[in-house]
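Chains as they are written, first to last, in the UniProt record's numbering: chain A, 1 to 185; chain B, 1 to 185; chain C, 1 to 185; chain D, 1 to 185.
It cannot be assumed that every hint is accurate.
A pair counts as met if it fits within one copy or between any two copies, since identical chains are not told apart.
Taking lysine-lysine and the DSBU-like style, the derived pairs with C-alpha atoms no more than 30 Å apart in a straight line are [claimed, not checked]:
| hint | residue 1 | residue 2 |
| --- | --- | --- |
| 1 | K34 | K2 |
| 2 | K2 | K171 |
| 3 | K101 | K117 |
| 4 | K34 | K179 |
| 5 | K2 | K117 |
| 6 | K104 | K21 |
| 7 | K104 | K179 |
| 8 | K2 | K19 |
| 9 | K171 | K101 |
| 10 | K179 | K117 |
| 11 | K99 | K117 |
Read the hints as simulated data drawn from the structure, not as lab findings.
Number of protein chains: 4
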Amino acid sequence: MKSIYLSEIIHELAAYSEKVKEADLQEMLAAIHKADIIFVAGAGRSGFVARAFANRLMHLGFHVYFVGEPTTTCIEENDLLILLSGSGNTASLVSMAEKAKSLKAHLATITIFPENKIGALADTIIALPGTSMKSQDGSQLTSIQMSGSLFEQLAWLVCDTLVLMLMNDTKQTSEDLFKRHANLE
Amino acid sequence: MKSIYLSEIIHELAAYSEKVKEADLQEMLAAIHKADIIFVAGAGRSGFVARAFANRLMHLGFHVYFVGEPTTTCIEENDLLILLSGSGNTASLVSMAEKAKSLKAHLATITIFPENKIGALADTIIALPGTSMKSQDGSQLTSIQMSGSLFEQLAWLVCDTLVLMLMNDTKQTSEDLFKRHANLE
Amino acid sequence: MKSIYLSEIIHELAAYSEKVKEADLQEMLAAIHKADIIFVAGAGRSGFVARAFANRLMHLGFHVYFVGEPTTTCIEENDLLILLSGSGNTASLVSMAEKAKSLKAHLATITIFPENKIGALADTIIALPGTSMKSQDGSQLTSIQMSGSLFEQLAWLVCDTLVLMLMNDTKQTSEDLFKRHANLE
Amino acid sequence: MKSIYLSEIIHELAAYSEKVKEADLQEMLAAIHKADIIFVAGAGRSGFVARAFANRLMHLGFHVYFVGEPTTTCIEENDLLILLSGSGNTASLVSMAEKAKSLKAHLATITIFPENKIGALADTIIALPGTSMKSQDGSQLTSIQMSGSLFEQLAWLVCDTLVLMLMNDTKQTSEDLFKRHANLE
């Protein structure tokens, strides 16, 4: 017997993902390709999604850091900061956004609320749908889950979508990425 | 315009998720409810999924640690160790599995390969499908993604499914969980 | 042959440590004993000192979290937040200090500059000497090291001093502490 | 009034540090200068010392990773792995040592027991004194602290000594190092 809750989660993801715009993803790709160094950050569960994305960017051969790690250096003018924040208002991330902009770095974010603090500062935004949106057929988007959960799930899938697009752009296979995979864990 | 890659990922998740057994999830729930303390571990990207799950178990009010954090204590006889490992052979996790069993703790795992080292030691297993399986209609399961990616995505969704089931079991709402959410980040 | 640099570092620590006040340490002990839950935080290298301290507080049997870990819960009124910050002005830590005070939690800090933002909010302060101070014999305190290094070293030793005092207070031996030591790493 | 426990800790560090050999430090410097990429690892409190060292190596301009971070890549033949382990037998670190040697990377360690598993595999060793040693005047070295504490303290100071030597070697000032300091925390 299969899980009804799991089916429902995937059903929700299918409905919400319809609202993710290919054009947003393309803009993020352009920002990634243009950056000297990429910094990725997020708090709580979004932070774990952000770390998983930083990991794959390393596998892809990009020069990338997760903010807060022991060997993370300083951000400068031609670098990119990608912030994952559902609310777009997380205090520690807003500070980072302000700092990055003050140094003329490029600021990108994945968020439900582009109108909030981080989005208002950002150069590039991937907007993810929230429960205030309507689905394809005009009905209200809903969720049986905690509000943050769907954002985190969809953010993980959107980041993995960006990885597939970047593999395609750079003509790299899974084998190419595995060559850079950590071998000391 | 919507993203073709994102649609394909969700299409894959829908097909693979059919193979996840409700009975496996129920056994994991029983192990979680029975444990004095829950320890969760994983390496690499599976480790980020594991941290996100540990976070929600804390929100639910369970006594839980992620292995390797500064305040994680020792595991003992009536505790539970949950290991997320696609391969079931990750060296550092196999060591943990052996240690936990030697102390008579309960060992659970989420893995693609129950027949490998960790699964062979485990008391409770949630088996996730791999590309060697056939789908509902008899066709081979395939993926456009790196082999690990689908495991990590599905593991995240399965853990969130367990969270929904645990909310139901303990009669807690999202508001109950939010009361325990970190407020210093 | 012994190392001249290492001898000089220890010589500096001996001179600076004369300025650490026993009364400050006693006040911190009182705050620790009184707290329901202890939260510890720090950024950069001070953050690693803070994690090492949180680890020993766990060994001692206190209910303790390092801020930012996956299983760290919310701070409340009768809890204690200990911030390690040389400058006393680190943005992310100032936010935590403000949040903790707004919830009427007890705020403690280990810092060189009690007059700065975190110190100004704190209920309990261990003031560590900086290079602006004079030593016992009236000469200026100096250092061959980067300004932060001496703070971090002395903070580590001061935290280990607190651990010895807490072992004494709670009549626990090394063996008692080792029983709580992580056994899954 | 000054702290008696703190004075005693510094007294112990002074006695133990006499046993650290300048020649060991010089060999570690040579290994660091020769390496393409430096990987640093440690478990528990030694792991926090190791992270603090990795942080300064980044400040110095070296290409360095802490093992287990999201953006840490794979180790290869001309790289260096530095393991901090008091006992020299920590399971997860022994696995890393074996893996590094199998790939012909250079293995270095800071340990009390060079004769144990990690030391037996290592190309370069900084041996720190333990309580089984005699001090300068022929009396037994002792400690009022938990056995690991003195190792961790001395390891932190030895790493900061290496930093001073590396600043000297590379003719860099504190200002040069601060330019690479994280500005997003």
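Hints, one by one, checked against the model:
Only between protomers do K34 and K2 lie at most 30 Å apart by alpha-carbon distance; the minimum there is 24 Å, versus 45 Å within a single protomer. Taking CA atoms no more than 30 Å apart as the test, K2 paired with K171 passes between copies only; the shortest distance there is 23 Å, against 38 Å inside one copy. Taking the shortest alpha-carbon separations for K101 and K117, both the intra-copy value of 13 Å and the inter-copy value of 24 Å come in at or below 30 Å. Proximity of K34 to K179 under the C-alpha cut-off of 30 Å is found in both arrangements, the shortest distances being 24 Å within a copy and 23 Å between copies.
Proximity of K2 and K117 under a CA criterion of 30 Å is satisfied inter-copy only: 26 Å between copies versus 42 Å inside one chain copy. In the homo-oligomer, the alpha carbons of K104 and K21 lie at most 30 Å apart inside one protomer (26 Å), although the nearest pairing across protomers, at 44 Å, exceeds that limit. In this assembly of identical chains, K104 and K179 lie within 30 Å of each other by CA distance solely across copies; the values are 17 Å between and 34 Å within a copy. Taking the shortest alpha-carbon separations for K2 and K19, both the intra-copy value of 27 Å and the inter-copy value of 7 Å come in at or below 30 Å.
Taking the shortest Cα distances, K171 and K101 never come within 30 Å of each other, neither inside one copy (32 Å) nor across copies (32 Å). Proximity of K179 and K117 under a CA criterion of 30 Å is satisfied inter-copy only: 24 Å between copies versus 39 Å inside one chain copy. Taking CA atoms no more than 30 Å apart as the test, K99 paired with K117 passes in both settings, with 13 Å inside one copy and 19 Å between copies.
The structure fails to meet hint 9 from the earlier list, while all remaining hints are met.
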